[in-house]
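Student: Chain by chain, the residues:
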Amino acid sequence: MTSFLHATIIAGTPLFLSTLGEILNEKAGNLNLGVEGMMLMGAVAGFLAAKGTNNAFLAILCSILFGCIGALIYAFLTITLRANQTVTGLALTIFGSGISSFIGQNLSGKVVPDRVKYFLSPIKLPLLGDIPFLGKVFFTQDIIVYFSYILAFAAAFYFYKTRIGLNLKAVGENPYAADAVSINVALYKYVNILAGGALCGLSGGYLSLIYVPAWQNNITSGRGWIAVALVIFAAWNPCKALLGAYLFGGLDIIGFRIQDGFISKYFLDMLPYLVTIIILTLFSFKRSKKNSPPKFLGLPYFREER
Amino acid sequence: MVNQVRFVRRDKVDKYTNIKVKLISIVAAFFIMSLFLIMLKINPKDAFIGMIKGAFGSPLRIRQTTIKAVPLIITSLGILTAFKMKFWNIGGEGQILMGAFGASILALFYNGFNSTTLLLLMALSAAVFGGLYALISAVLKIYFKTNETIVTLMLNYIALKFITYLQYGPWKDKKALGFPKIANFPDKALLPNLLGVNVGWIIALILIILVYIFMNHTKKGYEIAIIGESINTARYAGINIKAVTILCVFLSGALCGITGFIQSSGVNGTLSVEIAGGVGYTAIIIAYLSNLKEPFILIVSVLFAALLQGSSYIETSLKIPNSAALILQSLILFCILSSEIFTTYRLKFKD
Amino acid sequence: MKPLVSLKNIDKSFGKVKALCDVSLDIYEGEIHTILGENGAGKSTLINILSGIYAPDKGEISIFGRKVNLSSPRDAISNGIGTVYQHFKLVESMTVKENILLGQRDKDKDFNKKIEYILKKYDIKVNLEKYIEDMSVGERQIVEILKVLYRGAKVLILDEPTTVFTPQEAEKLFNIMRKIKEERCSVIFISHKMDEVIKISNRISVLRKGNFIKTLDKERTSIEELTRLMVGENVDLKIRKRESKKEKDFNKTSNNNELSIDKKSEEKRELSLRDVLIKVEGISLTEDVKKVFNNISFDVKKGEIFGIAGIAGSGQRELCEALAGVRKIKKGDIIFEGENLTGKSVREFMKKGINLGFVPEDRLGMGLVGSMDMVDNLMLKSYQLEKSPFLNRKPFKERAIELVKKLNIKTPDVNYPIKYLSGGNIQKILLGREIYINPKLLILVYPVRGLDINTCYTIYNIINEEREKGNSVIFVGEDLDILIELCDRIMVMSRGEVTKIVDSKDATKEKLGLLMLGMKDGESGEIC
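Chains as they are written, first to last, in the UniProt record's numbering: chain A, 1 to 306; chain B, 1 to 351; chain C, 1 to 528.
Among the hints, erroneous ones may be present.
Derived DSSO-like pairs (lysine-lysine); straight-line CA-CA distance at most 30 Å [said to hold, decoys possible]:
(1) A:Lys265 / B:Lys172
(2) C:Lys419 / B:Lys348
(3) C:Lys8 / C:Lys209
Hint data in this document are derived by calculation from the structure and do not stem from the laboratory.
Please model the complete structure; the sequences and the hints are all you need to start from.
Tutor: Right, dumping it as structure tokens:
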């Protein structure tokens, strides 16, 4: 049981990172369906860098950078050129999967170098790691998992307790109002979308460097899309996103755990996708004032200059 | 003062500017792709000429291109039908797979008919399976306001896992010596050829005309367009929104299902997980680039088929991974998306 | 005395359209300066230039005698110009306090001190923790004003602030405006309601078709002069109503198109007024646990113009949509010529041959499809009556051509997407379609909103023509003067309920205003 929950956290972490990335996008009023693409870009870049440099830090940095590049394309198109957000996001996903399988063509089956693996292996935290049960599950993990804990609370603080968080909310809820009080709408959107891209890239890097850790084509296998659905489940709240990601992380690995069981492995593989639909349905149905999306989600904003 | 660039609305939007801007953006996409290829030390000229050769260089290659164009055309028509209503069906992949599954049930297990009847029944079954599979998202949207984009996408993965399950499990061909594949269809369940290509291309052409008439000249098509433009107007006009939505999404899925039928019966000769092969996603791009106009679907689909065929040709001749086609597709899409603003706005430089 | 704001020779064009041409204007300290003009006269362009949204092509702006360059809203507010737009720019899911604080760096403590000072100084009462979505239009307006005052505005621009107000709410706003004036700041007031303009302004500047016409002192002008300057010709701004008694008063100015009504039709009308066309009994509508309207009862007689007044969002729009079958009600009865329509859909109405015309508030969002052409828009309801599953566009094309001629619709051709047409032409297409079927009941929700005066009066005349034919009209309006003049009876709604139905002969603006606020007797009571 402990090892199952431990693995759940690891499987949930990339989901959390990309969910938070999408939350940043949506808070700024942009529906970014390119999560999967940015993750794939980050995954392949991180893996390639790990192979090339043998340096875990550089590998992670490369993942983040590539996620950002994907986000930059999206941001430029949707903010500056006011392109349709849905289609741009889809295009980004196609682009990401093209780039990743193009670059990853000769990497299939290769594994992450030991030095990198070692650096990213679990570290037991002093004191906290000694707590029975919880210590093993939560505090004997790799650095990115620890980083994600901090991130959840930092993001919640940013959204709910700071002035720039308030301004960000205005940008997503009513950019016309934000613009009228001299908030730089485009700047807010760019910064948050790029930060979101960085998280998606990191999430992809986590998959190829830590979770798998080897290269396989289409390594994300729909996790980016689950992240988009998780945002709704989490009601745009980073802490709830953490919970949701762990729930789905658990579903993700359940197929591996129940080997040779009474149900076929392939049926269990469907589970995360099926549960996504069910949860999405339940949460769309009982949508209240509090967990409704930003009002300007998906709509382009421009100050009308005739 | 710093030079400032801003967008100024054009006085009038005309067709000429529109076409000009689109052409420029396609050229731009090829230009960016060239830069990318040069970075990889590949001569872009060789690559592009190789692609054209690969797509149209010989009668065999033209046939191959046609075979690739057929599923794109039919699936794009399906996507178009849903997109007209602003129902974002991106579940083409799953609907193709389920359509192929529907055809396979008959082909493999209930094939006691003559060839023509069997093929017709297979097509019908494929359409119904594809349509019903798409309907899941429509029903969830109507009754629970669930976002159809994510649902249709998840359904793609579920369909994929389901066919994988069949292929590795109950439907595994025992004669294949442990190799995980489903048995081949009997000969009478295979689509006949016409001019060297399976008759799918005729079906595709007929469907273009039928969809065109349906969308533009029937009451139901008109109602779909109204719902797509404004739900409130539809309500005002007394349109039965639920019924039309269900019909529209069913048709959308049914068309994708027919693609599954043609792919399994006309191309692969059996059901397999590779049957959709990204067609569902490419069709979204095609529908978008065609501006949701049926005749353009034909042109754009053929061009995309050439792109796919050409890139699989240069994969062997120039050792360029065929995912290059995906990159080029998305680049074209990016460039067209960026260009859209220039059809209604122009740049103004001021100091 | 030096002007606070001074505009010199401002030019601004959009493409080939000259929106402003050589406009010069001075605004002095401590004055309320009204800018008067029709739709399209350039008022909003002028405001947008002053608030830093558009840059003028030519000309200069000085504030306190210093030349300034207003290239963004930030520039405008830092120069002391604060704008309250007609369409509020508030975040609904935030509180008043959060809205005021948006984009500011002030600490909470400083905010409290500053806001308290402002509230006291201008004598404004508002709950800072209340969410905007729970506020009425009047309250929201005050939040907008607070927002610009908090940012230290010296010049306040109010863009058509009273359009949707009751006279009492407007009075509250005027009090704040007077306070601002006393604080030696100025207010630029945009309006087209003549009596308000005369009442509150010190000086009035008139714009017409982008040209600056004249600045006048309030003391030395009259409504007649202002109207003449604004429209540019002698127009008769009276509705051609037939009651012979009233008619004499109306015909002071000459008018060639006057409809002559003989005595016979007058008698017929008297007779038909006894027959009830539609009777509504105790209908209610609840959506998302919120009561939209509750227990509404009234009837409309044949040949009657039945007005509905109320503050925006009092349920009048939804009521009309329910009458037209667009929204389904579960409780109560709607009886149309003896037939119960409750719960029936628009399609069932049409199948039964019930002729009902409906012009909804949201023209392009509900009544029409913007991206389609005139032909496809004219089909919108009638296509269902055809038996074939295919569309037959031919008769509608002929109808479109006929309509273009009859109502003088300006469009390149009938296959041109209607969203590119002007608001007036769009409304003519919508109204034209609805009266084509010769409806027994025509329901109009804010039919003249945002239209120029000439189109407004075209529409008023169409309404009168309908009555002439013995048809009935339900008219939801915001201009109380017009309602009183046009309608036979007026039903006043407040918070989803009927306050009272009054005969327009006995109605006054003030009385209607009190009723709109929910005071049943419509005479006394504190204005809160």
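Student: Each hint: holds or not?
Tutor: How the hints compare with the structure:
At roughly 15 Å between alpha-carbon atoms, Lys265 of chain A and Lys172 of chain B fall within 30 Å of each other, so this suggested pair holds. In summary, the hint linking Lys419 of chain C to Lys348 of chain B is supported, as the alpha carbons are separated by about 25 Å, within the 30 Å threshold. At most 30 Å may separate the alpha-carbon atoms for a hinted pair to count; Lys8 of chain C and Lys209 of chain C meet this at roughly 18 Å.
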